[in-house]
Amino acid sequence: MNRIPLIHISRRKDIVWYKAWLIRIIAIILALVLCGIITMVTTGLNPIKVYAAMIDGTFGTTRRIWMLCQNIAILLCISIALAPAFKMRFWNLGGDGQALMGALGAAAVMILLGDKIPNGLLILIMVVVSIVCGAIWAVIPAVFKARWNTNETLFTLMMNYVAIQLVAFFVIVWEVPKGAGKIGIINQNTNAGWFPQVGGSKYLLNIIIVAVLTIAMFIYMKYSKHGYELSVVGESEPTARYVGIKVRKVIIRTMVLSGALCGVAGLLLVGGTDHTLTTTLVSGRGFTGVMVAWLAKFNPIYMVLTSFLIVFLQRGSGEITTAYSLNQSYGDIITGIILFFIIGCEFFLNYKVSFRKSHKEVA
Amino acid sequence: MFGFLLSFIPRAVSQGIPLMFGAVGETITEKSGNLNLGTAGIMYVGGICGVIGSFLYETKTGIENMNAFLGILIPLVCCLLGSLIMGLIYCFLTVTLRANQNVTGLAMTTFGVGFGNFFGGSLIKLSGADVPSIALSRTSQFFSAKLPFAKDLGWFGQIFLSYSFLAYTAVAMAIIASVVIFHTKLGLQLRAVGESPSTADAAGINVTRYKYFATCIGAMVSGLGGLYYVMDYASGVWSNDAFGDRGWLAIALVIFTIWRPAHSIWASILFGGLYILHIFIPSGTNLAIKELYQMAPYVVTIIVLIFTSLRNKRENQPPASLGLSYFREDR
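So the protein lines, in turn, are chains A and B.
Each step along the first sequence adds one to the number in my numbering, with nothing skipped, and position 302 is 302.
Each step along the second sequence adds one to the number in my numbering, with nothing skipped, and position 89 is 89.
One chain only, chain B, in its complex shape (with noise of 0.2 Å):
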């Protein structure tokens, strides 16, 4: 049982890992009223982005001469600027324009994810390098680079010092979000506007300003996860669709977390296991079963989603105006 569980769990925290960059950017980014659906195609922006940094970088000066520090500086100011260019539109449209914000976001989605795969296929024949794939293992090796001693500790090393710097990152955002929301006056002013706009803005809050800064930053964050997955997760190597639905998990994780950043840490290394459980789950030659298995963390995000509308309690509801815009004169 140890054994499984020393396999299991770096495995689970590894999955576990885009989800939680992505449940605390859209935590930021809710928190200020915007229901950002967008957040699927920001994450494979911010991953793609940072392949492009990267495989610019390494391919124009050569594996050999590449630096650490630049190795992870470009790939991680690429997805940055990314994902920040696409908090822009989706804050442009829906907060400056007013647009729905389900319609904005799934079309940031359709953009985004057409985005992340096309470049991801053609990035080799519009640079006209000569390459066969986008292998970024040099990046990668800068990007996965774990603690020397991890490994001298044992079991406690494995399972809780065996990851790289960004893993510690999104732990690190997700407590930061925690204080700087719940803790702190710029955190106050937010969830006012959040809950009502009006209210924040009669008390002389900037309803716009706080809404293009949470949904930027959140986006930001978001975008790390995409980079994480890439860069570390998939060892540098950029597949099309390889991200697939987990965009979708870490906006259904900030509902299972009920809005508090904090507790996405153990959520989303939960959800992470629950999405590779059909692998650990002995099933023989029955492979039909092991689809059915797939289906976990979809039931539990479905149950969780009921559950909190039953209790109805009043601290976690979802803000108030989330979804809505605000126009100051339609009060």
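The shape of chain A in the complex, shown without the other chains (with noise of 0.2 Å):
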């Protein structure tokens, strides 16, 4: 008799709202379970109480709100500008670099230009060049890869440390004071390039602008003709070739687009919140967006609860580790976990798990 296999996996046609969510609440309650089971076995700290401590962290104070929402706001940029490569099947892992190169560019204006030309005139300098570099850190894989299919996660991922180095050079240029290594805050006393204050914060305005910018972008994936245009280059490009498309284009216009909103959250740390460049400015985002921009399937709506749950993570894990004085890669550690369950559940969304009836049945 043929041995008949006890676990037959067959592909889910579709699958219900409520049940998909259920399905994924379910992985992240079981992630959140074994988390804590590894803080108790590993610090010997109670769950529960760093859980608590976790959600203090990030809603606790109004300061706390606010920077929770500033995280998210730059977090979420910078997943809407990976989201539309990677429905077209291109791997952008060149977002760090794309949004230090966007901070760059906004910096060298401020530095050089600050306080020679009117404000207005200056934050629309800024504006401009922050996406242009970014754009071009972006279109430069985008190029090869069309034109001769160059492999682009590797070429974005090392575009990335190009740039981090570019920036780690021009820090030393315009450092001040001379020696010490760093920037420092841009125009302190001028506040020149500096974007103004709405309602009286800082961060209000950078919100906003992501806002605009997650339903702009959620309308371009799904119903403008480029939308639909690189979901078929992402689904087939063989198809795509057939109907007319032209592929090359839409891989160049979609990465120009992908790469200038990086360079706006570039813009946007440099501009509306920090006023200085670093080499950690954008600390990962890039990375972080690839999984913000992937577990809410490219939906750009998805991706505003997809990037408060990353920020909650690692906001709340910054508020144990200096509670308990832990070390503060902490967060990281959970966020892995987390983000393992995640990625595990997809598969329960995707496929059915029936198993093997008793054998009278077969037979």
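By construction, these hints were calculated from the structure, which means they are not laboratory data.
Note that beta-carbon positions come from the ideal geometry of N, C-alpha and C, so glycine has one too.
There may be inaccurate statements among the hints.
With a Cα cut of at most 30 Å, we get these calculated DSS-like pairs of lysine-lysine [claimed, not checked]:
| no. | chain 1 | residue 1 | chain 2 | residue 2 |
| --- | --- | --- | --- | --- |
| 1 | A | 246 | A | 222 |
| 2 | B | 313 | A | 246 |
| 3 | A | 182 | A | 116 |
| 4 | A | 178 | B | 290 |
| 5 | A | 202 | A | 116 |
| 6 | A | 182 | B | 290 |
| 7 | A | 182 | A | 202 |
| 8 | A | 246 | A | 202 |
| 9 | B | 125 | A | 49 |
| 10 | A | 249 | A | 222 |
| 11 | B | 185 | A | 87 |
| 12 | B | 313 | A | 249 |
| 13 | B | 60 | B | 146 |
| 14 | B | 125 | B | 60 |
| 15 | A | 352 | A | 222 |
| 16 | A | 13 | A | 222 |
| 17 | A | 116 | A | 178 |
| 18 | A | 19 | A | 352 |
Selected chain A positions facing chain B (Cβ under 10 Å, derived; list incomplete) [claimed, not checked]:
| no. | residue |
| --- | --- |
| 19 | 150 |
| 20 | 175 |
| 21 | 228 |
| 22 | 335 |
Reconstruct the complex from the two isolated chains, following the hints.
Okay, structure coming up:
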């Protein structure tokens, strides 16, 4: 008799939305339980207290809520920038570098032109320069991908490090004071090139800009011709070519958009909140953005949720580490474990697992 | 000039060894069609697991009573175990659960780097030991023991024999991997799995088993790179984020060597040299220029990437199913 496998896996055609969310929520709860057990075993702390500290660390004060929103805004901006590229199956791992180049562009304008021209014009030039810088950093790998099918995953990855070194170079060129090895706050006395405060908070303008961009990206990807073309290219390049879509043009156009939006994220960091330039300004959001975009199935509206989840974990665990004097990387471990569970639970959304029925029935 | 090379080459080699481990491990993994971007994380985990093992051993037995054999064996086994677990996580997610490989790899890197830095920063507090910092000098002595007669052989000894046993292990791994992948039936079947899993499946090869074994062995080899870095290169001192972006460079090296492990021997030494080139180039007081020199390994990788795609030779291409999950019923 032939052996019948115990488990049979088949692809799901469709899944009801509440079932999908139930699976995701179960995965997150399981991940939190596992994280709790690991916390208890390694540190001896009460996991429930740890989670309470996380929630307090994220929502505890008005300032913390602002910080939460600001962090979500920047991460979301990079995630919506990466989403169209991923939908096209172009693995843009260069979000870090593109955002950093945008930041470099904005900082360069602030330093070189600050106080020489009216503030309104200065900010306008900052916007243009940082968008162009981000777009250039993205379009270089895109051209090679479109023309010679060069591996974009590694190309964009390497561009990150080139950008970091370029920023490190300019940080030393512009260092204040000489020999400090850092730029410090740019135009601290004149505030030239600083974005105007809206509603008395330096964070609100960034949040509004990103909210508008998110909605625009949702419409672009879902309802525009461009959005349709890039999803066809992502599904099947031969099909796209057959129906007359110019694949090369779509790749380059989408990557210009992707890089430009990453540049905007850099601009918001330099012009809006931080007013400085360091090599760690973007702090790995280009990579986190990949996961945010992917977990949300490239839907900009869902990305608000996924970026909230990630930022909550990072800010919350930052709070635990100061409260219990643990190393601050604890948050990365928790984030990693939760990501493993969410990544893993996708399987149960896409596939149906059925167990072998009893032998009599089979026979 | 000769004097310069005499001091430059040994340093380039010891920079290159972690990259060599990483590149060989990643090549083995990629030959099975798995693009493991978690290598950076795996190398951190490998390093810190070795540190945890030897730290517990050093503090429990006391530095005087340490046995050289156990002093090497314990960190080695811990490192291999830690990397193996990382490899298993990756395989379970991407092979069994068919998750996206890039996302899984990035999550592994987040987890692995966090794991390394967390235990590196909190190990002393967690274990309640009475030491100011993690400095495993005794274990490091075992690991960096060199051939006793290397010094007597002048320049030859300095360039070829002045390394520890893990360095030679890396070279041996590269050669063994190359022979197995390209000259044995096992390697042929592995490559078949990476090129076309459905064909391999039809030929009766167990695709899942090959993917699991190749990825886990690859992860363990990569993990050794982390161990070498802490125990030998950094003389047993763990400092957070010190390992840096070497994991990503190792992935770049796989492309640089066009998926041939034997080539990673010279290529990783070359990259090691590029990595430290900025120290040797005289730039006077202009510190900024040094930052630009540090771009060298990345720019070289990009150029190689472009050239391999321009020449577009069939034997220089990545495994055809690289990055894709395999589901038998999806044909």
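Against the structure, the hints come out as follows:
1. 246(A) to 222(A): holds, 19 Å
2. 313(B) to 246(A): holds, 25 Å
3. 182(A) to 116(A): Roughly 23 Å between the alpha carbons, so the hint for residue 182(A) and residue 116(A) holds.
4. 178(A) to 290(B): Status holds; Cα separation ~16 Å.
5. 202(A) to 116(A): Cα-Cα ~24 Å, so holds.
6. 182(A) to 290(B): Holds. Residue 182(A) to residue 290(B) sits at ~15 Å (cutoff 30 Å).
7. 182(A) to 202(A): holds, 23 Å
8. 246(A) to 202(A): Answer violated: residue 246(A) to residue 202(A) is near 43 Å, above 30 Å.
9. 125(B) to 49(A): With Cα atoms ~19 Å apart, residue 125(B) and residue 49(A) stay inside 30 Å; holds.
10. 249(A) to 222(A): The given pair, whose Cα atoms are some 19 Å apart, holds under the 30 Å limit.
11. 185(B) to 87(A): violated, 39 Å
12. 313(B) to 249(A): Distance ~25 Å between residue 313(B) and residue 249(A) Cα, so the pair holds.
13. 60(B) to 146(B): holds, 27 Å
14. 125(B) to 60(B): holds, 15 Å
15. 352(A) to 222(A): holds, 28 Å
16. 13(A) to 222(A): Holds, at roughly 21 Å.
17. 116(A) to 178(A): holds, 22 Å
18. 19(A) to 352(A): Holds, at about 12 Å.
19. 150: holds, 4 Å
20. 175: holds, 9 Å
21. 228: Because about 23 Å separates residue 228(A) from the closest Cβ in chain B, which is outside the 10 Å limit, the hint is violated.
22. 335: Holds. Min distance 6 Å.
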